[in-house]
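Student: Now for the letters of each chain:
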Amino acid sequence: MRGFLTNPMIIKELRERFRTGKTAWILGSYLFVMGAILFGVIYVETANKIYFRPGESRQIFILLTVIQLGMIGFIAPALTAGTISGERERQTLNVLLTTHLTPFAIVSSKMLTSLLFISLVVISSLPLYSFVFLYGGISPEQLIKIFWFFAVNIIFFGSVGVFCSARFRRTGVSTIISYGLTFLIGVGTALLTIFLWQFFEMMEWKTFDSALFPFMFSINPGFVLAEIIGEKVAPSSMTYIMEPWILFSIFYLGLSVFLLGWATRVLDPLRKRRLG
Amino acid sequence: MIETQGLTKRYGKLEALKELNLKIEQGKVFGFIGPNGAGKSTTMMILSTLLRPSSGKAYVGGFDVEKNPREVRQLIGYMPDFFGVYDNLKAVEYLDFYCGAYQIPDRKRRALIADLLELVNLSVKADSYVDSLSRGMKQRLGLARCLVHDPKVLILDEPASGLDPRARIEMREILIELRSMGKTIIISSHILPELAELCDDIGVIENGKLIAYGSVGDMTVGVRGISIMQLKVLDQVEEAEKVLSDCPFVRRVDNKNRYFRFQFTGSDADKAALLTKLLGEGIPVVSFSEAKENLEDVFLAITEGVGS
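Quick mapping for you: the protein sequence lines, in order, are chains A and B.
1 is the number of the first residue of the first sequence in my numbering; add one for each residue after it.
1 is the number of the first residue of the second sequence in my numbering; add one for each residue after it.
For the record, the hints were derived by calculation from the structure and aren't laboratory data.
A hint or two may mislead.
Cross-link-like lysine-lysine pairs, in silico, DSSO-like; alpha carbons within 30 Å at most [unchecked claim]: (1) A:Lys22 / B:Lys90; (2) B:Lys90 / B:Lys18; (3) B:Lys125 / B:Lys57; (4) B:Lys125 / A:Lys22; (5) B:Lys232 / B:Lys271; (6) B:Lys18 / B:Lys28.
All values derive from a computational prediction rather than experimental measurement.
Using the sequences provided together with the hints, build the complete structure.
Tutor: Rendered as C-alpha cells:
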C-alpha cells in the first residue's frame, strides 16, 4: 500500500485526472444516463398500476447490468487508449524513460490509475442497484458475481487500450483499434460461436461432445453475463467444464497479463528488434 | 566521462550515424554542431539510453549504455530538443514528480526543489501551473527537471531552440553556472556563436559523420588555408562586389550594404593584389583587413563540399 501511495506516476496521474472538470462531467453524465434509464423504466412499468412485481425488478436489474457492461466496453478503451500514446504525442515519454521508472512501472501505473477511475464510475452506480434490492428478485451472490465480472471486463478492456496505446504511436489509431478489438470480443465471438454451432449442426457433427463450445460460450461477455443472471442462452444439453464466469475470468485475466507484458516490452527503448 | 567507439545507427538503408568516435573528459563542455538531420539528436538519444545503436559502443561514466542503462540514467540529465510538460501540474508538483521518478526521499525534496527553482530563476513561479509559463520558462523548468538527481552529465539537445534573445541569454547564463559546478555537458545547437562562449571542445557533424573535432581554440578556418577578410567601401558597392566575385580566391561574399565579409583562400600576396585591384578600379576603400573569425565561419569552412 505504501508503494502504491508513493508511486510518483500514480500520484501524478491521479492529480492530473481528478483536477480537471472533465472527470466530474464523465462521472456525472454516466450516473445521469444510468439513473434516467432506471427511473424511466420504473415510471413506465408503474404508471398505470398500483403494484410492482419482483419479476419486473429482475428485468430492471438485467437491463442495468447489460447497459453497465456496454458502458464498460465503451469507456474502458476510451480512457486507456491514450495513456501511453498521449505521453508520446505530448513528447514526455522519452524524458520519462530516462528516469528510474521502468517501462513496467509506467505501463502498470497507467493501467492502475485508469482502472481506478473506471471502477469509481462503476462503484458509484451501486446505489442504483439498491432500488432493485428494494423490491427483491436478485440474490447477493449474483450481485457479487456481476461485480466481479465487471472487474474482469474493466481489467481486460483496459489492458487492450493500454496495449494499443503502447503499440500505436497515435491516440486516434490506438482508440480505433481498441474499439475494434472490444467489438470483436463482444460481438465477434458471439457471432463466431453461433456460426460454428450452426455449421456443426449442418454437418451433423456432435456439438455436445466437443470441448470447443463450452469454451466458446465462456469467452463471450454476453453469454457469460446471461449465465450469471440465470438467463439460459447456451443449449441446456451443453455441459460446462467449469462455471463460465470462472473460465471467463481465467482466460481474460491471463490475456490481460499477456497484453500488459507485451506493452511493457514495446515501451522498452533498448529492446532488441528483429532485423529486416 | 563520455566515450563512443565506432558508434553507428542505421534506419533501414539510411545511415544516420557513421562510426562516431568521441571522448569527452569530465567537467568539459562539448558542443555538437551540425545542420538538422546530421546525427546530433541520434547520438544524444543513444547516450541517453533511448536508442540502441546498430553497431559500436557508447559509454557514460564507464558504463555501457546498452548493458547498464540504469547506471547511465543515474548519471545523466537529458533534455530533448522538443519536450512537453504536464499542463495540469504546478511547477513544484512537476519537479516533485521527477524527484519521485528518481527515487529521491520525500524529506529532501522540498529544499531541493526550492534550490532548483532558484537556480533557473523560477522561484516566483513555483505555484504556477506549468501551462501558464512562457516557452523560455518551460525550457528552464525542463533544465531544472534534468538536475533533480544531481547528474554528473547533462545531455542537452538544442536547449535554446525556439527561445527569444532574452530567454536565450538567460539559458546561457544558467549553463555557464552549471559548467562552473563541474558538470560534464554535451550540448547541441545550430546557433553557433552561443557554443563558442560556452564550450571547451567542439565537434562538427554532417551526414552522420564527425568531420571535425577539437578544442574551440584549435578550431580555426586557418587550418584549412582560409582566412576571413572584411572590406568597407565608401560607395560604388556594385563595382566592389564585382571585383570580389571576379577574384578566384574569394568565396562566400556576405554583402551588408557597404560592408563585405568573405572567405579568402589565397596568400598574403594575393590579398595585396586584390586590394590593388580595388583601388585601381577607383573604388574608395575605407578598410581592408582580416576579420575575427567566428564559429559560423569555422562551420562553413569545415563543411565546404561535405555531402554535396
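Student: Work down the list of hints and note, for each, if the structure agrees.
Tutor: Verification of the supplied hints:
Among the hinted pairs, Lys22 (chain A) with Lys90 (chain B) is consistent with the structure: their alpha-carbon atoms are about 18 Å apart, no more than 30 Å. In summary, the hint linking Lys90 (chain B) to Lys18 (chain B) is not supported, as the alpha carbons are separated by about 42 Å, beyond the 30 Å threshold. Note on Lys125 (chain B) and Lys57 (chain B): the hinted pairing is violated, with a Cα-Cα distance of about 42 Å set against a maximum of 30 Å. Annotation: proposed proximity of Lys125 (chain B) to Lys22 (chain A) holds, straight-line Cα distance about 26 Å (limit 30 Å).
Restraint check: the Cα-Cα separation between Lys232 (chain B) and Lys271 (chain B) comes to about 15 Å, which is no more than 30 Å; the hinted pair holds. Restraint check for Lys18 (chain B) and Lys28 (chain B): satisfied, since their Cα atoms lie roughly 24 Å apart, inside the 30 Å limit.
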